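Please arrange chain B on chain A, whose structure you already have, making use of the hints.
2 protein chains.
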Amino acid sequence: MNGKIVKPSILPGFMELTPSDQILFNKMMDTIRKNYEKFGFLPIDTPLIEKSEVLLAKGGGETEKQIYKVVKGDTDMCLRFDLTVPLARYVAQHYSDLSFPYKRYHIGKVYRGERNQKGRFREFYQADIDIIGNGSLDVINDAEIPSVIYSTFKDLGFDSFTIKINNRKILSGFFNNLGINDSTFVLRTVDKLEKIGIDNVKNELKEIEISQTSIEKIIEFISINGTNDEIISKLKDLNIDNGLFVEGLNELSKTVEYIRLFGVPEENFAVDLTIARGLDYYTGTVYETFLNEYPEIGSVCSGGRYDDLATYYTKQKLPGVGISIGLTRLFYQLTEGEIIKSTDNSLTQVLVIPMDGYMDYAIKGSSILRESGIYTQVYFEEGKMGKKFNYADRLNIPYVIIVGKEESENNKYSFKNMKTGEQKIISMDEILECFK
Amino acid sequence: MNGKIVKPSILPGFMELTPSDQILFNKMMDTIRKNYEKFGFLPIDTPLIEKSEVLLAKGGGETEKQIYKVVKGDTDMCLRFDLTVPLARYVAQHYSDLSFPYKRYHIGKVYRGERNQKGRFREFYQADIDIIGNGSLDVINDAEIPSVIYSTFKDLGFDSFTIKINNRKILSGFFNNLGINDSTFVLRTVDKLEKIGIDNVKNELKEIEISQTSIEKIIEFISINGTNDEIISKLKDLNIDNGLFVEGLNELSKTVEYIRLFGVPEENFAVDLTIARGLDYYTGTVYETFLNEYPEIGSVCSGGRYDDLATYYTKQKLPGVGISIGLTRLFYQLTEGEIIKSTDNSLTQVLVIPMDGYMDYAIKGSSILRESGIYTQVYFEEGKMGKKFNYADRLNIPYVIIVGKEESENNKYSFKNMKTGEQKIISMDEILECFK
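Chains as they are written, first to last, in my numbering: chain A, 2 to 437; chain B, 2 to 437.
Okay, chain A solo, but in the shape it has when bound:
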């Protein structure tokens, strides 16, 4: 102990919560987990560090620049930047141990060395589900994913949210039909519509030498709106003679039909032809989810269908569909915007406060409470009663039990409701009754 003090701090871009926020965060995480499990998704937990050759097998792109390298010995290692690449590696590696369709959920931290700015995190939780087929995977799965999201966000306490749905085949097919064969750039431009506005989309398309006529047609196309059925009907009426387009439209129709069957109300999902998703591995259905009252937050849950999960690790064809909740960012936005607020400073339901000399009786009582499933804490430290009550107040523990001579002699407990201030001397049975 040389007396030198290092300032206690964490790295920028890392989230660390106070106990009350942590309790709220854990509740959200538990709710998500429970919903994922209810639909048959299996848990997975992969190492945070992986071999670079595995994690970066795909190579290139923005991702590689954001990688955290890990150094110890000679092995080339890095921290995972999403949960999809580890899933691909896992499924390829444990292929013969898995039953397909393989449904898995994964809630875990990922790392991206993003530019430091408010609301962007370098360490953040993702909460993912994916359904992986062996060779093929029915399009009904594309409809189940939104139903899981619906159930999850409802349980998280939201009512007004919209799961926006599109199908990339429709977009690509439409572009192909206009003579645009490499539709990737057009897709990405369309995907930025919300962010950059219609004029900038037009300009960007002009720059890659899309003809004025085509640009007009593209704009007209992505402006198609109406109810889900109206949009699908308008798309059919276009009578576009392109295999990909027709395939995508059939998939979208079926997806919409089944989303309804899964019980998702019409107001909670919407076909939206402007949803394209920037990532290049999506090949069919794509999703983005918005909280209607807080559009500024952006998409809180996105994903889609991909043709082949694990091309870099296996020759098995593994199509899948999945979605990811960016939990850390969502939590940050919700608390920052005071959309949700932590209410519990503790999980403790009862604080037992013994008067001098009655610790034994207090401890015995606390054991009975805990055995009945009641989260109970005893205040062990010496001090004035005010300090002890103040502790219960600060942790906003709802009930306090005080024990002393009178209580001990009569085999009773002073039971105080901290909210109402009501206090009565009652038996343990009566206390337990209050918690039923």
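Be careful, since some hints might not be right.
The list treats identical chains as one, so a pair stands whether inside a single copy or across any two.
Calculated pairs, EDC-like style, for lysine to aspartate or glutamate (alpha carbon to alpha carbon, straight line, at most 16 Å) [said to hold, decoys possible]:
{"#": "1", "residue 1": "28", "residue 2": "46"}
{"#": "2", "residue 1": "52", "residue 2": "17"}
{"#": "3", "residue 1": "193", "residue 2": "273"}
{"#": "4", "residue 1": "365", "residue 2": "258"}
{"#": "5", "residue 1": "255", "residue 2": "267"}
{"#": "6", "residue 1": "318", "residue 2": "22"}
Think of the hints as simulated: they come from the structure by calculation, not from any bench. Quantities reported herein were computed from a predicted structural model and do not represent experimental measurements.
Just chain B, lined up with the frame of chain A:
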């Protein structure tokens, strides 16, 4: 997609589980969490990466050699190697937001570049609890910790385990009384008794020039045994006139007395004078926990009392007591030794299998089941019935519901118990009744 396949594999020393083992692991983790919360411990979740100057503020020692460095930009960062240093930093940093005694639990991964050998992990879960006082912390807390451990291991399904307890002040006081003032090395040597045997302990002590008489006295001392009360009584009878010794003995007596009050049965805890703990920051009570039927596993849960948690980050005096379960290693040992075995390949309780054309009816049924809290999955893929039943078998899903023409027309379901083979056509209400 260049067709080049990277072999899917993970780094040596990292644990990754199959779905059924993961389910079992998560159950253990949930049980531990629930017990920690029941006693009033608050959750915490700190970044896995910290500034090196913070994490390595103490410096030196074995730990530093095992550090995983993290590289991205210029900041000197590394991965945490335990949950205690982050706790110290957290408490110093958020001091004014915390209510003391601050009870926190933390279940998370830590990283140590240990030599690669069976049963040793480089990434592993620790499940820690600590109670931190502001300035002081009553010794009753030293007795509560074993009661949490008792409750946790009982809930994990163990009956025959022993929480061994000692107090470092007793050892140091005894050594001081023999004229050995720097007792650290002697403590460490005594701590290795189980591993290296009595003769090697004697030799090591001889090497650091402890006199033959003192060595004999040390051996005689650590050989003191009997019931908890007998050992304490024998220690008292030694009449050692050393302040530290007397203080330690008082603490130990009080700890034993209160462990009983907390309801820990006599057979589940034992004063053991050979328990010293290698780590240098313990200053009072120390714990190690052994599964009596599997002594070869070694200690499954260890910890102790320390005078000051966060000397490197704050001038506040923060005494504490805590314990850690090395969850990954424990799980490995328990499954390797077939002491525990995974039984569930899935969390799904019901698999709904629709006959051709009855998907709608199947999906509606599954929604009702899920709304009633029953974990339900629908088999969406086309294929033969055998394949679908095989899926239920492989995931050992306990119940299967088959729906087709007959079921749909009569608003009923064929409900099959996969264990007994019993199958009956019943209503949804009757099915729900079965799960009550």
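Tested hints:
In this homomeric assembly, residue 28 and residue 46 come within 16 Å of each other (Cα to Cα) only across copies, at 13 Å, whereas the closest approach inside a single copy is 20 Å. In the homo-oligomer, the alpha carbons of residue 52 and residue 17 lie at most 16 Å apart only across protomers (14 Å), although the nearest pairing inside one protomer, at 28 Å, exceeds that limit. Taking identical chains as interchangeable, the C-alpha atoms of residue 193 and residue 273 lie at most 16 Å apart only when both belong to the same chain, with a minimum of 14 Å there against 68 Å between chains. Proximity of residue 365 and residue 258 under a CA criterion of 16 Å is satisfied inter-copy only: 13 Å between copies versus 59 Å inside one chain copy.
For the identical chains of this complex, residue 255 and residue 267 are intra-copy neighbours only, at 15 Å inside a copy versus 65 Å across copies, given an alpha-carbon limit of 16 Å. Proximity of residue 318 to residue 22 under the C-alpha cut-off of 16 Å is found in neither arrangement, the shortest distances being 43 Å within a copy and 26 Å between copies.
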